[in-house]
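Q: Please work from the sequences and hints to get the whole structure.
Position in the sequence shown (first residue = 1) + 41 = my numbering.
Don't take every hint at face value.
Claimed, not checked - Straight line, CA to CA, 30 Å or less: simulated BS3-like cross-link-like pairs of lysine-lysine: (1) Lys100 - Lys140; (2) Lys45 - Lys140; (3) Lys143 - Lys100; (4) Lys140 - Lys53.
To be verified - Just the calculated beta-carbon pair ranges, DEER-fashion: (5) Phe152 - Asp70: 35 to 45 Å; (6) Asp70 - Pro155: 39 to 49 Å; (7) Pro155 - Ala90: 33 to 43 Å.
Rather than coming from a laboratory, the hints here were simulated on the basis of the structure. Note that CB positions come from ideal geometry on N, CA and C, so glycine has one too.
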Amino acid sequence: MNNKQLVESFWKTMATNDFYAVAQLLHDDYILEWPQSSERIRGLANFTAINTYYPAEGKWTFQINHIVADGDIVVTDVNISDGTRQDRAITFSTLRDGKIWKQIEFWPEPFEAPAWRANWVEKI
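A: Dropping the structure here:
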């Protein structure tokens, strides 16, 4: 399995909501960083716990919008929902030894477009 396929498998396995199965795709020295909240999750046990105990409203779903791979780095743009929340994550995954070693993840917040630029844009 190449690096792009491994990250695709990560998101597919995330959709099972079996985070212990997801951990099998992660390196023993796994690190996840959320720069916006200044948090770092270190290790497989913390990864599985934070995902297992997240106060979700339902089963998580994941839809890959874009995926770009360059060597050991794979970047994804993913829609994520628990049936109530609608989120989007931009994730930079670095692979090592055939597993995901480090992820840096950004969770952009949607916002209303400013009215002043309405003449030059269209809604998507």
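Q: Each of the hints needs a verdict: does it hold here or not?
A: These are the hints, each one checked on the structure:
1. Taking the CA atoms of Lys100 and Lys140, the gap is near 25 Å; set against the 30 Å cutoff, the hint holds.
2. Straight-line distance between C-alpha atoms of Lys45 and Lys140 comes to about 11 Å, which keeps the hinted pair within the 30 Å bound.
3. Under the criterion of a C-alpha separation no larger than 30 Å, the hint pairing Lys143 with Lys100 is consistent with the structure, at around 25 Å.
4. Of the pairs offered as hints, the one joining Lys140 and Lys53 holds, with about 15 Å between alpha carbons and a cut-off of 30 Å not exceeded.
5. Checked against the hint of 35 to 45 Å, the C-beta distance between Phe152 and Asp70 comes to roughly 36 Å, which is consistent with it.
6. Checking the proposed 39 to 49 Å range against Asp70 and Pro155 shows it holds: the Cβ atoms sit about 43 Å from each other.
7. In this structure, Pro155 and Ala90 meet the distance hint of 33 to 43 Å, their C-beta atoms being roughly 40 Å apart.
Violated hints: none; the structure is consistent with every hint.
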